[in-house]
Amino acid sequence: MRTCLVVDDSKVVRTVAQRIVRELDFETRESINGLEALESCRKSMPDVVLLDWNMPVMNGIEFLRELRTSPGGERPKVIFCTTETDAKCIEEAITAGADEYVMKPFDTEIIRGKFAQVGLL
Amino acid sequence: MKPEDFDLIAGIVKSKSGLVLGKDKTYLVTSRLTPVARKHKLADLSALVSALRLRREGELVHDVVEAMTTNETSFFRDLKPFDAFRDVVLPYMVSSRQKQKKLRIWCAACSTGQEPYSLAILLREQGGALANWRFDIVATDLNGAVLERARSGRYTQFEVQRGMPAKLLVKYFRKVDNDWQLNPEIRSAVTFREQNLLGNIGAVGRFDVIFCRNVLIYFDPSTKERVIKSLEGVLEEDGALFLGGAESTVGIRSNLKPVKNVRGCYARADNFVTQFAPAIPQRVLNSRALV
Ligand SMILES: C[S@@+](CC[C@H](N)C(=O)[O-])C[C@H]1O[C@@H](n2cnc3c(N)ncnc32)[C@H](O)[C@@H]1O
Numbered sequence: 223m224r225t226c227l228v229v230d231d232s233k234v235v236r237t238v239a240q241r242i243v244r245e246l247d248f249e250t251r252e253s254i255n256g257l258e259a260l261e262s263c264r265k266s267m268p269d270v271v272l273l274d275w276n277m278p279v280m281n282g283i284e285f286l287r288e289l290r291t292s293p294g295g296e297r298p299k300v301i302f303c304t305t306e307t308d309a310k311c312i313e314e315a316i317t318a319g320a321d322e323y324v325m326k327p328f329d330t331e332i333i334r335g336k337f338a339q340v341g342l343l
Numbered sequence: 004m005k006p007e008d009f010d011l012i013a014g015i016v017k018s019k020s021g022l023v024l025g026k027d028k029t030y031l032v033t034s035r036l037t038p039v040a041r042k043h044k045l046a047d048l049s050a051l052v053s054a055l056r057l058r059r060e061g062e063l064v065h066d067v068v069e070a071m072t073t074n075e076t077s078f079f080r081d082l083k084p085f086d087a088f089r090d091v092v093l094p095y096m097v098s099s100r101q102k103q104k105k106l107r108i109w110c111a112a113c114s115t116g117q118e119p120y121s122l123a124i125l126l127r128e129q130g131g132a133l134a135n136w137r138f139d140i141v142a143t144d145l146n147g148a149v150l151e152r153a154r155s156g157r158y159t160q161f162e163v164q165r166g167m168p169a170k171l172l173v174k175y176f177r178k179v180d181n182d183w184q185l186n187p188e189i190r191s192a193v194t195f196r197e198q199n200l201l202g203n204i205g206a207v208g209r210f211d212v213i214f215c216r217n218v219l220i221y222f223d224p225s226t227k228e229r230v231i232k233s234l235e236g237v238l239e240e241d242g243a244l245f246l247g248g249a250e251s252t253v254g255i256r257s258n259l260k261p262v263k264n265v266r267g268c269y270a271r272a273d274n275f276v277t278q279f280a281p282a283i284p285q286r287v288l289n290s291r292a293l294v
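Protein chains in written order, with my numbering: chain A, 223 to 343; chain B, 4 to 294.
Honestly, I wouldn't trust all of these hints.
Heads up, simulated DMTMM-like pairs for lysine to aspartate or glutamate below, C-alpha to C-alpha not over 20 Å straight-line [claimed, not checked]:
| hint | chain 1 | residue 1 | chain 2 | residue 2 |
| --- | --- | --- | --- | --- |
| 1 | B | K83 | A | E331 |
| 2 | B | K174 | B | E188 |
| 3 | B | K19 | B | D66 |
| 4 | B | K170 | A | E306 |
| 5 | B | K174 | A | E284 |
| 6 | A | K310 | B | D182 |
| 7 | B | K178 | A | E314 |
| 8 | A | K326 | B | E162 |
| 9 | B | K178 | A | E313 |
| 10 | A | K326 | B | D180 |
| 11 | B | K174 | A | E313 |
| 12 | B | K28 | B | D10 |
| 13 | B | K263 | B | E240 |
| 14 | B | K170 | A | D308 |
| 15 | A | K326 | B | D182 |
| 16 | A | K310 | A | D329 |
| 17 | B | K174 | A | E245 |
| 18 | B | K170 | A | E249 |
| 19 | B | K170 | A | E313 |
| 20 | B | K178 | A | E306 |
| 21 | B | K170 | A | E245 |
| 22 | B | K174 | A | D308 |
| 23 | B | K260 | B | E235 |
| 24 | A | K310 | B | D180 |
| 25 | B | K105 | B | D90 |
| 26 | B | K178 | A | D308 |
Hints were generated in silico from the structure; no laboratory data involved.
Excised from the complex, chain A in its bound form (with noise of 0.2 Å):
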């Protein structure tokens, strides 16, 4: 089965987002920040991310731009999933390498969708 990674420091979102993604049959792992994802994909890459921006100790955007250079850091695809909605910030997270972005809040349709669109369903 293949695996998500959610990224976020609220548990609440958390819960939510790896509900939807098991629905997707997916299974799911969980990190509360950046550094931790990071540790967590260099043990063992996951296919998908689904990523926070803002949180403590490590971003998405760092975490993403460490990602990216790590080996084998360039299979995942990267989902942003925040409630920055500028394009400003869209264009720094797919400069960055995120294969699709999503702006809280979100539903199991949208999410759906991006796995869709990135080639995951």
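Given the coordinates of chain A, work out where chain B with the ligand should sit on it, guided by the hints.
Frame of chain A, contents of chain B with the ligand only:
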């Protein structure tokens, strides 16, 4: 709601639009027509029905029919048809129309515009190779209110997230308050017009490609056949028709047949698209990336 009142409304809606309202749709009729009654200063639904009994034409009837349409849509809905358009139909059309360098596309039940705008963006994304081509995208619907919204090119965050890839969002939209508005170039690429599929559709002209998706499902078989026949009448000899995922020409007397390997795409059996499609590698047909 009294059964005879429901029957009267269902009868009017069917004759004006083709939409079939099953008996289980009473709640839908009530919830959608209550605001119409209010707008026309009628006390309640039975007052609305009385008014309809007196007069079967005019603004009230128009508003009733509009209110009963379902306008659900999204950008790049179902993805695959857009891939098929880009990877199969477009290459064929481009090679066969080298002289004219012109393509006419019709979205025949466009709702709030996501479908024609998706096509406009997709064509824009093809870049240089098609730079000196002219694309006419005509988008029509029976419902004037959705067309109004379509023309504004303005969508909520929720609407853009349903289907619009982030890369294309930042490239073609501008954030306006909490909404996203398409840039003028894409907006001007689509012409919106009110047109009933049961009306005289010859007026919209002839087309190389027609998208008529997710509207025939609401029609009964004879209306479906009538509409497909009229679409056939304005489709170029070697043109292609796209239907929705739950629609087909099966069981309908029509010269338009499913194109092999390209789900949702219909064409005359002996035409070029039909012969051309199987030659496209499956790899291409299965690719999902839009950008
Ligand atoms: C569910 S939407 C489909 C939108 C888009 N084609 C898609 O697939 O996402 C159906 C649209 O058909 C329109 N419609 C219903 N009956 C019609 C008719 N007789 N003539 C033209 N449009 C009609 C409705 O107003 C509605 O906007």
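- Task: Starting from B/K174, check that the Cα of A/D308 is at most 20 Å away, please.
- Result: holds (13 Å)
- Message: Against the 20 Å threshold, does the CA-CA distance of A/K326 and B/E162 hold or violate the hint?
- Response: holds (13 Å)
- Sort out whether A/D329 lies within 20 Å of A/K310, counting only the CA atoms. violated (23 Å)
- Message: So if I understand the rule, the pair passes when the alpha-carbon distance is 20 Å or less; does B/K105 with B/D90 pass?
- Response: Answer holds: B/K105 to B/D90 is near 18 Å, not above 20 Å.
- Task: Quickly compare the C-alpha distance for B/K19 and B/D66 to 20 Å and report which way the hint goes.
- Result: holds (11 Å)
- Message: For a C-alpha distance cap of 20 Å, please report whether A/K326 and B/D182 respect it.
- Response: Distance of about 14 Å is within 20 Å: holds.
- Query: Quick one, are A/K326 and B/D180 close enough, alpha carbons at most 20 Å?
  - Reply: holds (16 Å)
- Pair hint outcome, B/K178 versus A/E306 [Cα-Cα no greater than 20 Å]: holds (13 Å)
- CA of B/K174 to CA of A/E313, is that 20 Å or under? Holds, at about 9 Å.
- Message: So if I understand the rule, the pair passes when the alpha-carbon distance is 20 Å or less; does B/K260 with B/E235 pass?
- Response: Satisfied, since the Cα-Cα distance of roughly 11 Å is no more than 20 Å.
- Pair hint outcome, B/K178 versus A/E313 [Cα-Cα no greater than 20 Å]: holds (13 Å)
- Starting from B/K263, check that the Cα of B/E240 is at most 20 Å away, please. Since the Cα atoms of B/K263 and B/E240 sit roughly 18 Å apart, the hinted pair holds (cutoff 20 Å).
In summary, the structure is inconsistent with hints 5, 16, 17, 18 and 21 from the numbered list given earlier, while agreeing with the others.
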